[in-house]
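**Student:** Modelling step: build the complete structure from the supplied sequences, incorporating the hints.
2 protein chains.
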Amino acid sequence: MDIREYVIEKAKAAKEASRYMNCAHSSTKDNALRAMAQALMDNIDNIIQANSLDMEKGEKTGLSKGMLDRLLLNRKRIEGMASGLSKIADLQDPIGEAIRAWKTPDNLTISQIRVPLGVIGIIYEARPNVTVDAAGLCIKSGNTVILRGGSEAVNSNKAIADIISSAGVKAGLPEGFLQYLENTDREAVKVLMRLNEYVDVLIPRGGAGLIKTVVENSTVPVIETGVGNCHVFVDESANFDMARDIVINAKTQRPAVCNAMETLLVHSSIADKFLPYLKEGLDKYNVELRGCRKTAAILENIKEACEEDWAAEYLDLIMAVKVVDSLEEAVDHIYKYSTKHSEAIITENYSNAERFLNEVDAAAVYVNASTRFTDGGEFGFGGEIGISTQKLHARGPMGIKELTSTKYVIHGQGQVRK
Amino acid sequence: MDIREYVIEKAKAAKEASRYMNCAHSSTKDNALRAMAQALMDNIDNIIQANSLDMEKGEKTGLSKGMLDRLLLNRKRIEGMASGLSKIADLQDPIGEAIRAWKTPDNLTISQIRVPLGVIGIIYEARPNVTVDAAGLCIKSGNTVILRGGSEAVNSNKAIADIISSAGVKAGLPEGFLQYLENTDREAVKVLMRLNEYVDVLIPRGGAGLIKTVVENSTVPVIETGVGNCHVFVDESANFDMARDIVINAKTQRPAVCNAMETLLVHSSIADKFLPYLKEGLDKYNVELRGCRKTAAILENIKEACEEDWAAEYLDLIMAVKVVDSLEEAVDHIYKYSTKHSEAIITENYSNAERFLNEVDAAAVYVNASTRFTDGGEFGFGGEIGISTQKLHARGPMGIKELTSTKYVIHGQGQVRK
Numbered sequence: 001m002d003i004r005e006y007v008i009e010k011a012k013a014a015k016e017a018s019r020y021m022n023c024a025h026s027s028t029k030d031n032a033l034r035a036m037a038q039a040l041m042d043n044i045d046n047i048i049q050a051n052s053l054d055m056e057k058g059e060k061t062g063l064s065k066g067m068l069d070r071l072l073l074n075r076k077r078i079e080g081m082a083s084g085l086s087k088i089a090d091l092q093d094p095i096g097e098a099i100r101a102w103k104t105p106d107n108l109t110i111s112q113i114r115v116p117l118g119v120i121g122i123i124y125e126a127r128p129n130v131t132v133d134a135a136g137l138c139i140k141s142g143n144t145v146i147l148r149g150g151s152e153a154v155n156s157n158k159a160i161a162d163i164i165s166s167a168g169v170k171a172g173l174p175e176g177f178l179q180y181l182e183n184t185d186r187e188a189v190k191v192l193m194r195l196n197e198y199v200d201v202l203i204p205r206g207g208a209g210l211i212k213t214v215v216e217n218s219t220v221p222v223i224e225t226g227v228g229n230c231h232v233f234v235d236e237s238a239n240f241d242m243a244r245d246i247v248i249n250a251k252t253q254r255p256a257v258c259n260a261m262e263t264l265l266v267h268s269s270i271a272d273k274f275l276p277y278l279k280e281g282l283d284k285y286n287v288e289l290r291g292c293r294k295t296a297a298i299l300e301n302i303k304e305a306c307e308e309d310w311a312a313e314y315l316d317l318i319m320a321v322k323v324v325d326s327l328e329e330a331v332d333h334i335y336k337y338s339t340k341h342s343e344a345i346i347t348e349n350y351s352n353a354e355r356f357l358n359e360v361d362a363a364a365v366y367v368n369a370s371t372r373f374t375d376g377g378e379f380g381f382g383g384e385i386g387i388s389t390q391k392l393h394a395r396g397p398m399g400i401k402e403l404t405s406t407k408y409v410i411h412g413q414g415q416v417r418k
Numbered sequence: 001m002d003i004r005e006y007v008i009e010k011a012k013a014a015k016e017a018s019r020y021m022n023c024a025h026s027s028t029k030d031n032a033l034r035a036m037a038q039a040l041m042d043n044i045d046n047i048i049q050a051n052s053l054d055m056e057k058g059e060k061t062g063l064s065k066g067m068l069d070r071l072l073l074n075r076k077r078i079e080g081m082a083s084g085l086s087k088i089a090d091l092q093d094p095i096g097e098a099i100r101a102w103k104t105p106d107n108l109t110i111s112q113i114r115v116p117l118g119v120i121g122i123i124y125e126a127r128p129n130v131t132v133d134a135a136g137l138c139i140k141s142g143n144t145v146i147l148r149g150g151s152e153a154v155n156s157n158k159a160i161a162d163i164i165s166s167a168g169v170k171a172g173l174p175e176g177f178l179q180y181l182e183n184t185d186r187e188a189v190k191v192l193m194r195l196n197e198y199v200d201v202l203i204p205r206g207g208a209g210l211i212k213t214v215v216e217n218s219t220v221p222v223i224e225t226g227v228g229n230c231h232v233f234v235d236e237s238a239n240f241d242m243a244r245d246i247v248i249n250a251k252t253q254r255p256a257v258c259n260a261m262e263t264l265l266v267h268s269s270i271a272d273k274f275l276p277y278l279k280e281g282l283d284k285y286n287v288e289l290r291g292c293r294k295t296a297a298i299l300e301n302i303k304e305a306c307e308e309d310w311a312a313e314y315l316d317l318i319m320a321v322k323v324v325d326s327l328e329e330a331v332d333h334i335y336k337y338s339t340k341h342s343e344a345i346i347t348e349n350y351s352n353a354e355r356f357l358n359e360v361d362a363a364a365v366y367v368n369a370s371t372r373f374t375d376g377g378e379f380g381f382g383g384e385i386g387i388s389t390q391k392l393h394a395r396g397p398m399g400i401k402e403l404t405s406t407k408y409v410i411h412g413q414g415q416v417r418k
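Quick note, the sequences are listed as chains X and G, same order.
For the first sequence, this note's numbering gives the first residue as 1, with consecutive numbering after it.
For the second sequence, this note's numbering gives the first residue as 1, with consecutive numbering after it.
Mixed in with the good hints there might be a few duds.
Subject to a maximum C-alpha distance of 30 Å in a straight line, what follows is the list of computed BS3-like cross-link-like pairs (lysine-lysine) [stated by the list, open to error]:
| # | chain 1 | residue 1 | chain 2 | residue 2 |
| --- | --- | --- | --- | --- |
| 1 | G | Lys212 | X | Lys212 |
| 2 | G | Lys336 | X | Lys15 |
| 3 | X | Lys212 | G | Lys401 |
Keep in mind the hints are simulated off the structure, nothing from the lab.
**Tutor:** Next comes the structure, spelled out in structure tokens:
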């Protein structure tokens, strides 16, 4: 079978199954999620065995240490995946929720009700846990799912997909509710991106290159996730201890993720006192600083920042630093360079806090807290499928509600339009 | 200047202006909308003069009678456009509304707040009133707007756009908040569809061909509007009078619009009584029927329906009729042919009503009411920018709330992530 036929067959099966998932009872979905968790626990050895094939290949082909770590599955990680599914089962079902309901002057009752999106395609890279997380969130929200993981993890993903898929069907989900695209040829993704007839939405999860490819080539609606060039602005009235704690946390607690900060903006009236105090703290974490002229004049022996630094998403222990003369200058800098993910101000000044929250356009805007909180788990969504950086449909962390659409349900008594 | 530069310059100006529109006060927007309405009233003669150029050209080039009617502007229609703007001004501002707000265990306060989408591009065909309606709804929701109307209406649109744009700026909206693309070359739309840097969303309004082109070629996120192959299913327990009134209304009250019904499904146990009774009523409106075999056996002298009829959006006084043996068969037929716009069941049976509402997947599902109610005005939205037939972002009639995105506003007291 050629690639095109292969992908269409899988997508068609997901579409067929979605008609039944659409009306699946909450208890069926939750029982299936728990059965899938149990099946993972019952098959830990098989999964580790499949994973070891990927690890061996990865070592041979020279994957980086970081990549190998993300690829690795052990007992603890598999237990984590299973308990993630059980937690998703415990969430309230978003389907059927009435978002609003009202009566019209004609006495029609109109309710806007959450319904599943239908078929969700997830295109992701090396981490095999996405196979479980994404499937769990899609099923809870009544969707069927087409998964396309990276070639590095194909054995792990295949083993996991087979286990959870058959456990789900045994527990009452419709045959075909989970489709895994084993074919890791790029052509398979190309086909998937044009299957508007069968796929309702595509969510790419991974690096900037993957996301750009999908956004530019997909006719299926896409939710763009990811890139975060996040700023923290330390205003002149900031509490120094608080500012230092937040900057250190936002930069170092997990530098490789999209909600980590990349550029620090400091008000000029406090820069010569705050920057050395901050640097003392950052040095313990070996953070490399790249500063504007004014920063370089205050801190000795740091690299000067160039234009690329202001736009960079380092995802590393590197931080750009710029001294600004006002809130306006900070907001302007953020407007110019931000990817509109997460932006924070540290201030004790009420008016400045409110202006920052209003004027900065981003998925999440903070006063006096770390940008690292932009996360479905931290927000209390019980998991996330990614963080949307687009404005349509969903913005910020996407939980199960963001995997739904709505329909209007209208009860009449014979009304006709005049 | 070449077309590409021309479109980019306009889009850039809209993006610049959107930064200020983002924070515009409600009173500024509402005053501007009222000033725009007044400016239309003050310029009725100028608009009619510009419109007469389009009408003359339309008559020369042989536009259909229907097209010419849609193109025509007279005093009454211009007054209608102006009063539409005033009504939009009277609506509550959607911007700033908190959709939800909560405290996390860490004591962060998180609010999800409605914000403008940014820059909205509207691509439409012959009706010059769209210029005013679309601009009004976009402005009320804090967006700037790029309008690209059809070449048939270019003089009318240009005159209207100039009048409302300068009235808006005089009333305090940022320069550039409304951009009209005078260049009616197709190339201009092609450029617009790839300007992700400046345009946040595109909404095509018009025929199926236009919508298909935009969906297939745009990298800017699109909201798909429109095509409606709507069904009414008359169940065995239906009240005959009610069913007849609803079918006649859904088919004949305004046959050329997307929420008009196209196919009637009738339960076989009542078909031989109901169909002749219905036909008597429909004959007064000269509705042509195209029926399945069973229908043709009951009603004499009607055309037999072929496969294309089940899929057709006639937008005319033609109706396909099919006799079905059960609710399941009706739901299956709708699943196969529906464009998921508006679907209705006429029944007195509670369980069948609930099953239909649950199992039929469409933007609007009705019990005992005409499909013609799927409309922003009828829903009480105070106007609509179109009816979305996609599942992402907005589904069904789109009012001002559907022209917004959200952001998370987080108030902390120094929280860092552990």
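**Student:** Take the hints in turn and mark each one as holding or not.
**Tutor:** Against the structure, the hints:
no.	hint	in the structure
1	G:Lys212 with X:Lys212	22 Å, holds
2	G:Lys336 with X:Lys15	12 Å, holds
3	X:Lys212 with G:Lys401	29 Å, holds
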